[in-house]
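What follows is each chain in one-letter form.
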Amino acid sequence: MTVKLILREKEFEVRPGMTLLSTLEKINVMPEAVLATREGEMILEDEILRDGEVIKLVSVISGG
Amino acid sequence: MKCKKCGTKASVHMRQHKLALCKEHYLEWIPEQTERFIKKYEMFHRGEKILVAVSGGKDSLSLWDILVRLGYQADGLYIGLGIDVGIGYSDESHRLSEKFASERGLRLHVVDVAKEYGQPIPVMAEVSHRGQGRPCAVCGLAKRHIMNRIARDLGYDVLATGHNLDDEAAVLFGNTLQWAGSFLARQSPVLRESPGLARKVKPLCRFYEREMAAYALLRGIEYIYEECPFADGATSIYYKELLNRLETDKPGAKLIFYLRFLDARESGLFAPAPEKQIVLHPCPKCGQPTSTDDLCSFCRMIETINLKMEKEN
Numbered sequence: 001m002t003v004k005l006i007l008r009e010k011e012f013e014v015r016p017g018m019t020l021l022s023t024l025e026k027i028n029v030m031p032e033a034v035l036a037t038r039e040g041e042m043i044l045e046d047e048i049l050r051d052g053e054v055i056k057l058v059s060v061i062s063g064g
Numbered sequence: 065m066k067c068k069k070c071g072t073k074a075s076v077h078m079r080q081h082k083l084a085l086c087k088e089h090y091l092e093w094i095p096e097q098t099e100r101f102i103k104k105y106e107m108f109h110r111g112e113k114i115l116v117a118v119s120g121g122k123d124s125l126s127l128w129d130i131l132v133r134l135g136y137q138a139d140g141l142y143i144g145l146g147i148d149v150g151i152g153y154s155d156e157s158h159r160l161s162e163k164f165a166s167e168r169g170l171r172l173h174v175v176d177v178a179k180e181y182g183q184p185i186p187v188m189a190e191v192s193h194r195g196q197g198r199p200c201a202v203c204g205l206a207k208r209h210i211m212n213r214i215a216r217d218l219g220y221d222v223l224a225t226g227h228n229l230d231d232e233a234a235v236l237f238g239n240t241l242q243w244a245g246s247f248l249a250r251q252s253p254v255l256r257e258s259p260g261l262a263r264k265v266k267p268l269c270r271f272y273e274r275e276m277a278a279y280a281l282l283r284g285i286e287y288i289y290e291e292c293p294f295a296d297g298a299t300s301i302y303y304k305e306l307l308n309r310l311e312t313d314k315p316g317a318k319l320i321f322y323l324r325f326l327d328a329r330e331s332g333l334f335a336p337a338p339e340k341q342i343v344l345h346p347c348p349k350c351g352q353p354t355s356t357d358d359l360c361s362f363c364r365m366i367e368t369i370n371l372k373m374e375k376e377n
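As they're listed, the protein sequences go chains A and B.
Under this note's numbering, the first sequence has 19 at position 19, and the numbering climbs by one with no breaks.
Add 64 to the 1-based position in the second sequence for this note's numbering, that's all there is to it.
Hints should not be assumed to be uniformly reliable.
Said to hold, decoys possible - List time: in silico DSS-like cross-link candidates among lysine-lysine, alpha-carbon distance up to 27 Å:
1) B:Lys73 <-> A:Lys4
2) A:Lys4 <-> B:Lys66
3) B:Lys372 <-> A:Lys56
4) B:Lys82 <-> B:Lys207
5) B:Lys66 <-> B:Lys372
6) B:Lys314 <-> A:Lys56
7) A:Lys26 <-> B:Lys73
8) B:Lys68 <-> B:Lys87
9) B:Lys349 <-> B:Lys314
10) B:Lys66 <-> A:Lys26
11) B:Lys349 <-> A:Lys56
12) B:Lys66 <-> A:Lys56
13) B:Lys68 <-> A:Lys56
14) A:Lys26 <-> B:Lys314
15) B:Lys375 <-> A:Lys56
16) A:Lys4 <-> B:Lys375
17) A:Lys56 <-> B:Lys82
18) B:Lys82 <-> A:Lys26
Derived from the structure by calculation, the hints contain no laboratory data.
Small disclaimer: the values here were computed from a predicted structure and weren't measured.
Kindly produce the complete structure, drawing on both the sequences and the hints.
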């Protein structure tokens with residue numbers, strides 16, 4: 001019973017049933033710094049993450 | 065969450081605007097807003113030739129895409145910096161810029177720094193000892209010089225860069241921490257042309273970085289996702305993270321910080337003292353304006369590097 005989130009080379013596993021926003025808070029990722037996609041489609045912070053899903057997080061910060 | 069325009073499932077939520085939009089309406093909204101900013105800040109008008117500085121990243125490629133969608137005459141300029149660091153960073157960003165241009169039938173000018181000036185940026189930084197171990201200062205100096213040269217030499221009316229609001233807010237934050245008055249006075253969505261200097265504009269300056277990433281993803285723009293290897297640990301990224309923490313707690317904080325600054329600047333808060341007005345002279349070598357009577361910073365740097373390289377050989 002897990003949801004997998006991938007951010008660059010990092011992987012996080014959390015329990016399903018939480019919103020994307022709560023999940024990001026749990027894994028200590030700032031919601032402002034990423035976009036979340038499920039099967040290539042962008043999802044919003046109120047989306048409930050379901051068992052077995054893989055969520056790809058796209059980092060949006062660049063610069064130097 | 066539902067799209068405010070059509071009620072279908074939303075793809076993007078912009079908390080600072082209390083606005084959620086579906087893919088279709090988001091991809092309409094971004095160019096509409098860009099057009100609004102172009103007009104509001106009097107950046108350019110139809111009929112003018114625009115040179116878009118492209119890096120292969122999400123912001124600059126999205127900007128080029130938006131300007132072309134809006135019907136502007138926009139060509140691209142890619143500057144090959146010669147950053148490799150084992151991952152072929154510049155090669156990949158060049159490839160993606162070329163791919164973007166060729167798929168859309170757009171014109172891309174390419175300047176290879178090493179071919180034109182003898183050395184790639186990391187070597188220039190190492191030899192010139194500028195930038196405290198990072199090539200970012202040399203990179204910025206070279207890009208500003210080359211962008212201005214190409215815009216002028218090829219007869220473009222305006223040079224457009226893909227700076228987003230997070231870029232602008234991070235610069236503003238850094239300059240405010242240091243009360244860098246002269247930099248604050250110059251930070252603007254538009255820098256008007258002056259003798260030897262092309263007009264510079266930032267049409268994306270009011271979009272959050274997250275919004276530009278969403279635009280690139282939803283438009284299917286293939287951009288370089290990897291960060292410049294020299295950006296790791298950069299102060300500007302640290303400032304962006306700090307501002308994003310603020311934004312998470314106070315939606316709209318970044319936008320207000322930047323917009324209220326523009327208002328304050330417009331009302332004269334950061335006007336330079338009359339005795340501090342800088343007089344510019346043309347560089348005797350390249351003709352670009354400089355505050356010194358001698359060579360400009362870029363030409364001085366190239367001359368120093370060439371002398372050192374000659375001595376070493």
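Hint by hint, here is what the structure shows:
Taking the CA atoms of Lys73 of chain B and Lys4 of chain A, the gap is about 23 Å. The hint holds against a cut of 27 Å. The straight-line distance between the Cα atoms of Lys4 of chain A and Lys66 of chain B is roughly 25 Å, inside the 27 Å bound, and the hint therefore holds. Straight-line distance between C-alpha atoms of Lys372 of chain B and Lys56 of chain A comes to about 48 Å, which puts the hinted pair past the 27 Å bound. The straight-line distance between the Cα atoms of Lys82 of chain B and Lys207 of chain B is roughly 37 Å, outside the 27 Å bound, and the hint therefore fails.
With a C-alpha separation of about 62 Å, the suggested pairing of Lys66 of chain B with Lys372 of chain B is violated against the 27 Å cut-off. The suggested pairing of Lys314 of chain B with Lys56 of chain A holds, with an alpha-carbon distance near 26 Å, which does not exceed 27 Å. Annotation: proposed proximity of Lys26 of chain A to Lys73 of chain B holds, straight-line Cα distance about 25 Å (limit 27 Å). As the CA atoms of Lys68 of chain B and Lys87 of chain B are separated by approximately 12 Å, the hinted pair is consistent with the 27 Å bound.
Among the hinted pairs, Lys349 of chain B with Lys314 of chain B is inconsistent with the structure: their alpha-carbon atoms are about 50 Å apart, more than 27 Å. The straight-line distance between the Cα atoms of Lys66 of chain B and Lys26 of chain A is roughly 25 Å, inside the 27 Å bound, and the hint therefore holds. Pair hint Lys349 of chain B plus Lys56 of chain A does not hold up; C-alpha atoms about 51 Å apart against a cutoff of 27 Å. Under the criterion of a C-alpha separation no larger than 27 Å, the hint pairing Lys66 of chain B with Lys56 of chain A is consistent with the structure, at around 22 Å.
For the proposed pair Lys68 of chain B and Lys56 of chain A, the alpha carbon gap of about 26 Å is at most 27 Å, so the pair holds. Using a Cα cut-off of 27 Å, the hinted pair Lys26 of chain A and Lys314 of chain B holds, with the two alpha carbons roughly 19 Å apart. Among the hinted pairs, Lys375 of chain B with Lys56 of chain A is inconsistent with the structure: their alpha-carbon atoms are about 52 Å apart, more than 27 Å. Between Lys4 of chain A and Lys375 of chain B the alpha-carbon distance is near 57 Å, which puts this suggested pair outside the 27 Å criterion.
For a cut-off of 27 Å, the pair hint linking Lys56 of chain A to Lys82 of chain B stands: about 25 Å separates their Cα positions. For the hint pairing Lys82 of chain B with Lys26 of chain A, the CA-to-CA distance comes to about 24 Å; that is within 27 Å, so the pair holds.
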